[in-house]
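The chain contents come next:
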Amino acid sequence: MTAAVTADPAGRDRDGRRRPAVPSWALGIAGLAGLMALAELVPRAGLVRERYLPPFSDMVSALADQAGTDAFWRALLETLRGWAIGLAIAMAAGVVLGIVIGGVPPLRAALTSTIEFLRPIPSVALIPLAVLLYGTQMRSTLLLVVYASFWQVLMQVLYGVQDVDPVARETARSYRFRPLTQVRTVIWPTALPYVMTGFRLGAAVALILEITGELVIGSPGLGRQIAVAQNSNAVPSMYALVIVVGLIGMLVNAAARAVERRALRWHPSVRREVVS
Amino acid sequence: MIKVRAALAAASLLLLAACGGGGGGDASGDGPTTVKVSVIPIVDVAPIYLGNQQGFFTEQGLRLQIETAQGGAAIVPAVVSGQVDFGFSNLTSLILGASKGIPLKVVAPGAGSTGVQRKDFGGVLVKAGSPIRTAKDLAGKRVAVNTLNNINDTTVRASIRAAGGDPKSVKFTELAFPDMLAALDKGNVDAVQVVEPFLATGLKNGARLVASNYVDTAPNLTIAGYFTSQKTVASKPELVKKFTAAMQKSLKYASDHPDAVRKVLGTYTKIDPSVAGSLTLPTYPAQVNAAGLQTLANLAVQDGLVKSAPDLKNLQP
Amino acid sequence: MSVLPVLRRIVLLLAVPVLLVAAWWAATANSTDFFWPPLSDILGTFDDTWFHGRITSDVLPSLARLLAGYSLALLLGVGLGTAIGSARVLRALLEPSLEFFRAIPSPVLVPILMLFAGIGNGMKVLVIVSGCVWPVLLNTVEGVRALDEVLRDTARCYRMRPHSRFVHLVLRGASPQIAAGARQALSIGIILMVISEMFAASNGLGFTIIQFQRSFSVPQMWTGIILLGLIGIALSVVFQTVEARVLSWYTGLRRSQREG
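Residue numbers (the UniProt record's numbering), protein chains in the order written: chain A, 1 to 276; chain B, 1 to 317; chain C, 1 to 260.
Hints are computed from structural coordinates only; laboratory data are not their basis. A hint or two may mislead.
[What the hints assert, rightly or not] As a list, the in silico EDC-like pairs of lysine to aspartate or glutamate whose alpha-carbon atoms are at most 16 Å apart: (1) K231(B) / D256(B); (2) K100(B) / D41(C); (3) K100(B) / D33(C); (4) K249(B) / D272(B); (5) K100(B) / D311(B); (6) K204(B) / E50(A); (7) K249(B) / E59(B); (8) K186(B) / E50(A); (9) K231(B) / D41(C); (10) K204(B) / D272(B).
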């Protein structure tokens with residue numbers, strides 16, 4: 001797991017800095033253990049009523065109960081499926097449109113105002129619209145997911161394209177690289193770290209909107225299970241499901257980081273010198 | 001062992017999902033007609049689940065597909081746009097919709113007040129040591145309701161009026177049912193209007209009931225109903241007739257078998273079985289109480305929810 | 001000479017929005033669908049809906065909460081981000097826990113926040129902070145991590161004091177990344193402003209839109225969505241002005257490279 005350290009883009013470890021004795025995964029686990037202890041102690045110490053925020057152990061036992069039911073696994077799958085489809089659509093659209101819009105300055109200038117108008121419209125305000133189009137099916141939540149995560153990806157890609165080294169760009173242009181070649185050799189390498197950040201942010205936002213949509217609209221998934229638990233006053237079950245959502249988020253991020261590391265392994269640090 | 005089986009089930013579901021794609025296509029033909037109903041997963045809708053279990057919908061040649069939504073705000077558009085055939089909503093929401101010109105029609109009652117003071121499925125709770133004794137004392141206090149400008153604040157105002165208080169000075173705050181008891185405990189609000197299972201839970205934890213707001217509003221008030229759009233009424237009269245018939249039978253069955261109702265709660269909610277055994281069930285009336293509906297419409301006008309009451313004849317079954 | 005570029009800018013700025021609005025107008029002109037009222041109806045109710053008291057009673061309180069939450073998130077995100085970005089141990093210790101909280105959707109977090117912060121403005125500001133802080137934090141961490149080693153070492157050699165090292169080296173070096181995060185946080189902030197008003201609210205822009213939606217006042221609801229979009233644009237313009245000023249050295253550097 002020390003890969004996280006060696007793959008540090010700045011390559012700090014290679015500079016012979018002393019490597020601490022405790023590996024980062026152990027520290028991460030220690031941090032989580034501290035969080036769990038806190039979640040156990042705060043209700044036990046009477047800082048909040050156990051009835052409203054049960055101790056961590058209660059949540060875990062409720063989670064164990066949940067894990068034995070088919071409904072839980074079905075909901076989990078539905079959530080993951082909605083999230084994955086939504087994110088894939090948002091990524092594809094965000095990257096393609098981002099490169100096209102960012103790479104063609106007049107287009108960018110013409111579309112900026114429209115993007116700035118559409119982007120801040122809260123996806124939650126679109127709920128009535130989504131319901132109108134797709135009822136309470138998975139697709140209405142999908143609409144929210146795509147809408148919210150698309151902007152995250154697009155904005156990062158736009159920033160990334162903007163960050164392309166002007167000299168490299170001019171060089172490519174003066175050598176009359178074809179547009180696709182320019183994208184592949186100049187824009188893409190610079191934009192990639194931003195695309196990866198966009199992917200990571202988008203993945204998190206997509207998950208949040210997937211759950212929110214399920215919760216508010218009632219489309220199938222873990223969010224709906226949370227809503228049902230809330231409406232049934234099943235507090236430990238509710239928190240158990242919240243923990244599952246958090247865990248999925250952690251896994252998603254870990255996966256995104258792994259993809260990022262792979263994708264950026266070859267990445268030259270040229271850009272960083274330009275930035276600073 | 002159970003976990004392994006669950007995981008297997010999950011895996012097979014994934015396969016199904018992968019193969020099914022969009023899924024849910026209506027296999028129309030000579031078989032049963034698929035009817036989609038959108039409901040909120042609360043105690044009130046137990047009869048439709050029970051009736052489905054008992055086969056009352058199959059008897060009518062209907063294949064029931066229940067979808068759950070989180071509130072009327074999502075259900076009404078889904079019904080109007082034809083995404084679902086029928087929906088479940090409280091009657092004040094439907095009065096609001098009708099007054100804005102949305103063509104809605106109630107086809108069956110859903111749930112009603114028990115009509116018994118202090119023994120209803122909804123009521124106003126205060127903290128154990130609160131100086132509030134009756135609905136009259138709520139004047140000037142902070143009261144939480146689950147949605148503002150809807151059935152619960154208008155009926156709480158009716159309670160206060162009935163007790164001789166001034167309903168105008170009440171400060172209503174919107175709070176979801178699940179968050180109310182905690183807010184009451186913390187003193188964030190002075191009173192909360194809750195329904196089951198939160199009423200029973202609150203009482204068990206020492207809160208005190210000061211008003212049965214649905215009972216104070218009108219005798220045997222019908223709270224909610226199943227509705228559809230006028231378009232569906234006109235274009236699929238047979239479907240509406242069959243659904244209503246199956247619903248009537250389900251309501252009757254639920255009325256006669258409260259234990260079965262308590263049991264079916266476990267299939268679509270996560271209410272603790274011990275609470276499910278002791279909570280106060282709403283009534284499942286055979287018809288919408290017309291006088292009560294008129295009272296709700298009058299209250300909506302009086303409290304400024306709508307400018308003028310809609311023609312209830314179009315709304316009623 | 002100077003009129004033409006300005007004109008060109010204005011045309012560029014307005015061409016697409018005007019086309020889209022025209023398309024919307026044409027598409028809904030004869031609409032009888034209850035949920036898709038004609039655009040003319042929507043615009044007709046705009047004045048009545050918002051300019052007779054709602055600006056001060058709903059819009060301003062919302063914006064004040066947004067500003068408070070956003071500023072807090074910026075402070076917290078940059079502060080924590082710098083600390084986490086510079087200290088490997090801290091990063092390793094906190095990262096999984098932070099990831100956990102980041103993945104929890106705000107609507108789910110609200111009941112927990114209510115337990116600690118009550119149901120007043122404080123809770124709503126906290127909800128905004130809870131969502132806005134992540135893009136700022138993440139980007140600050142990345143920005144600080146990516147600081148040029150040479151610059152770092154130079155600063156160390158010249159024995160810059162920690163305070164000036166922080167301001168001149170760390171903050172400045174990471175500022176393009178922080179700006180990217182801050183910009184995303186702004187749009188997330190607007191979303192959370194609406195979400196926070198779905199709970200325990202009695203005023204606010206989001207609250208009003210949801211009330212319209214529930215009472216089936218569809219044209220009014222649409223005006224609310226439009227107003228949210230307009231506020232989003234206004235805030236974005238303000239943001240760009242501030243960003244241009246703060247990052248002028250960076251854009252200047254970029255331009256000089258372009259010209260050189």
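What's the verdict on K100(B) and D41(C), does the C-alpha distance respect the 16 Å limit or exceed it? holds, 14 Å
Going straight from one Cα to the other, do K204(B) and E50(A) come out at no more than 16 Å? holds, 15 Å
Against the 16 Å threshold, does the CA-CA distance of K249(B) and E59(B) hold or violate the hint? holds, 11 Å
Keeping to a limit of 16 Å between CA atoms, is the pair of K231(B) and D256(B) held or broken? Given pair K231(B), D256(B) is violated - Cα atoms ~34 Å apart, limit 16 Å.
Is the hinted pair K249(B) and D272(B) satisfied, with a Cα-Cα distance of at most 16 Å? violated, 27 Å
Regarding the pair K231(B) and D41(C), is the alpha-carbon distance no greater than 16 Å? violated, 24 Å
Is the straight-line distance between the alpha-carbon of K186(B) and that of E50(A) 16 Å or less? Holds - the C-alpha atoms of E50(A) and K186(B) are around 13 Å apart, at most 16 Å.
For a C-alpha distance cap of 16 Å, please report whether K100(B) and D33(C) respect it. holds, 13 Å
Is the Cα-Cα distance between K204(B) and D272(B) 16 Å or less? holds, 13 Å
Does D311(B) lie within 16 Å of K100(B) when you go C-alpha to C-alpha? holds, 11 Å
Violation of the numbered hints given earlier is confined to hints 1, 4, 9; the remaining hints are satisfied by the structure.
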